[in-house]
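Enquirer: Turn these sequences into a full structure, and let the hints steer you where they fit.
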Amino acid sequence: MRISGLVAAAALLLAAGHAGAQPRYGLGTPATAEQVRGWDIDVRPDGAGLPPGRGSVAAGAGLYAQHCAACHGPAGAEGALVPALRLAGGQGSLRSARPLLTVGSYWPYATTLFDYVRRAMPFNAPQSLTAEELYSVTGYVLHLNGLLPADAVVDAASLAALRMPNRDGFRPTAEGR
Amino acid sequence: MKRSNPGFSRRGLALGGLAAPLLAGRASAQALPVPPAMLEQGAPVEAAPYGKPAPTEAGVVRRSRLGAENQPILGTAGSTLTPHGDLDGIITPNGLHFLRHHAGTPSIAPEQHRLLVHGLVERPLVFTMDQLRRFPTVSRLHFLECSGNTPFFQQARIRPDWTVQDTHGLLSCAEWTGVRLADVLAEAGVKPGAAWMLAEGADAAGLTRSIPVAKALDDAMLCWAQNGEALRPEQGYPLRLFLPGYEGNTSVKWLRRLKLDTQPFMTREETSKYTSLMPDGSAKQFNFTMAVKSVITRPSGGQTMGAPGFREISGIAWSGRGTVRRVEVSTDGGATWQDAQLQAPVLDKCLTRFRLPWQWQGGPALLASRATDSTGEVQPTRAALLAETGPFHVYHYNGIQLWQVQADGNVRNAY
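These protein sequence lines are chains A and B, in that order.
Positions 1 to 177 (our numbering) are the ones given, in order, by the first sequence.
Positions 178 to 592 (our numbering) are the ones given, in order, by the second sequence.
Simulated from the structure, these hints should not be mistaken for lab results.
Nothing here was measured: the structure is a model prediction, and the numbers come from that model.
Think of the CB as a built atom: it goes at the ideal place given N, C-alpha and C, for glycine as much as any other residue.
Careful, some of the hints might be misleading.
Derived list of chain B stretches under chain A, where covered just means 3 residues or more per stretch with a C-beta under 8 Å from a C-beta of chain A [unchecked claim]: (1) 361–367; (2) 441–447; (3) 462–473; (4) 517–525.
If you want the footprint, here are the derived chain B segments under chain A, 3+ residues with CB under 8 Å [unchecked claim]: (5) 244–256; (6) 286–295; (7) 306–315.
Expert: This is the structure:
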């Protein structure tokens with residue numbers, strides 16, 4: 001472990017050392033900002049990557065019923081298809097004999113919910129919702145977990161600012177520090 | 178009829194096709210019959226442009242783990258397992274390499290495929306497959322193991338009728354060919370401060386993982402070939418990331434994007450999933466490297482012993498931290514251990530085949546294997562592992578596997 005750590009650190013220094021150097025093989029084509037924009041869909045915990053626009057928990061209720069409830073259950077509490085698809089409940093259960101891992105009880109960042117729903121949901125039509133719809137439906141899932149009031153407006157700033165109950169619950173291993 | 182497992186047969190297979198005396202090992206006064214296949218021409222040379230296993234091997238296939246909770250959701254979110262009980266050596270045939278998919282297998286035209294490298298780099302670049310293939314190439318043999326392999330943390334979920342395919346099938350091993358990711362990243366020029374790299378797949382899950390840049394620059398590969406041929410669609414065609422020793426899900430398939438940044442991205446697959454809940458309510462995160470592990474594949478669950486007498490006990494061992502240094506085998510549930518022979522080659526982060534000759538007297542036996550890797554780490558018992566992890570850890574189970582040989586010759590999962 002220690003030796004491979006050192007090797008990795010040395011490799012890191014080397015890479016950093018010739019970062020500005022000319023490319024060795026001259027392969028690949030420069031990516032323009034416009035090209036990158038088409039694919040750059042990730043959202044970071046600090047909110048970087050969240051699109052402009054806003055939605056609301058109120059609008060999310062209808063969107064959830066239409067696009068999500070069939071698989072995840074009307075209140076997200078059971079998971080309609082299989083129990084593993086439950087999205088809500090379980091807060092305070094992580095230390096118990098029956099821990100229930102959901103968005104509300106387990107996920108450390110609300111931004112991750114937006115990122116994941118944007119890239120992968122609805123399961124049968126990924127990347128089909130607009131930014132406004134994504135803010136609304138994300139807000140509604142958070143509301144189902146009691147983390148946003150029914151009249152909340154959801155945008156980049158409010159998602160990045162929302163402190164999830166299990167925010168400090170994760171311990172990276174030495175490999176991830 | 179199944180004859181590739183001399184000494185052990187899959188339960189329920191009739192052996193009626195062979196003359197009884199041959200099977201029983203009794204001497205016969207009759208002349209051996211001329212095999213019918215010698216009396217006529219065989220199938221045409223060009224009959225199988227892409228060869229397939231013999232029709233009688235049709236049962237050696239991937240499948241989901243037995244149990245309702247292990248079936249794929251809507252057909253595309255699930256996994257199928259490598260049938261290790263029917264395989265020899267260390268290489269998994271491409272058609273039997275395990276799958277773990279979150280949104281099915283995408284169909285990608287290689288000439289349309291692009292890899293975007295951006296974020297904290299001097300020169301954001303887009304690569305075609307042709308451009309990537311012009312880098313100096315490397316081929317390496319490595320195992321790939323899903324961190325959810327061997328779901329033995331929760332007692333209630335374990336089934337005694339599980340075979341080694343069910344217990345250890347989220348594991349495969351192949352020769353991977355591609356380019357060093359370090360070479361590709363150097364073309365883009367990694368900026369100081371870049372410590373994490375997001376890898377994103379072009380499937381309908383847009384599957385993403387954050388990888389330490391130190392790993393990316395160490396031994397990571399971008400692969401397009403597996404065991405000499407192009408990746409199969411379900412293994413990431415036309416391009417996948419490969420991170421030797423890391424949990425399988427980080428070796429992102431259908432790779433389309435790499436983005437460098439100072440912090441991990443905290444994607445769903447490294448928060449909601451692929452994290453391990455500990456008894457104190459905290460969760461282990463970024464647990465990447467697969468620890469030392471081994472399993473006996475013959476005899477193993479679901480097989481039957483046949484007549485008493487000589488057998489070879491055979492299995493596979495591996496470690497994400499290096500090479501396998503030693504494998505011990507027990508036939509009495511761990512009361513006594515014997516060193517197994519390691520078959521060459523013994524390679525870094527690769528399956529190693531081990532063997533031990535054994536005289537089975539008939540009657541019950543409790544088989545186990547215990548591996549030690551080049552770092553000195555020894556595979557723990559299930560009890561020792563659970564004492565550390567608790568029952569809700571879900572991932573990275575590497576406990577010693579027990580197979581119960583029953584008095585009737587059937588072999589059962591005794592975990």
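Enquirer: Each hint: holds or not?
Expert: Structure-based check of each hint:
1. 361–367: holds (count 7)
2. 441–447: holds (count 5)
3. 462–473: holds (count 5)
4. 517–525: n = 0 at 8 Å, threshold three: violated.
5. 244–256: holds (count 4)
6. 286–295: holds (count 3)
7. 306–315: holds (count 4)
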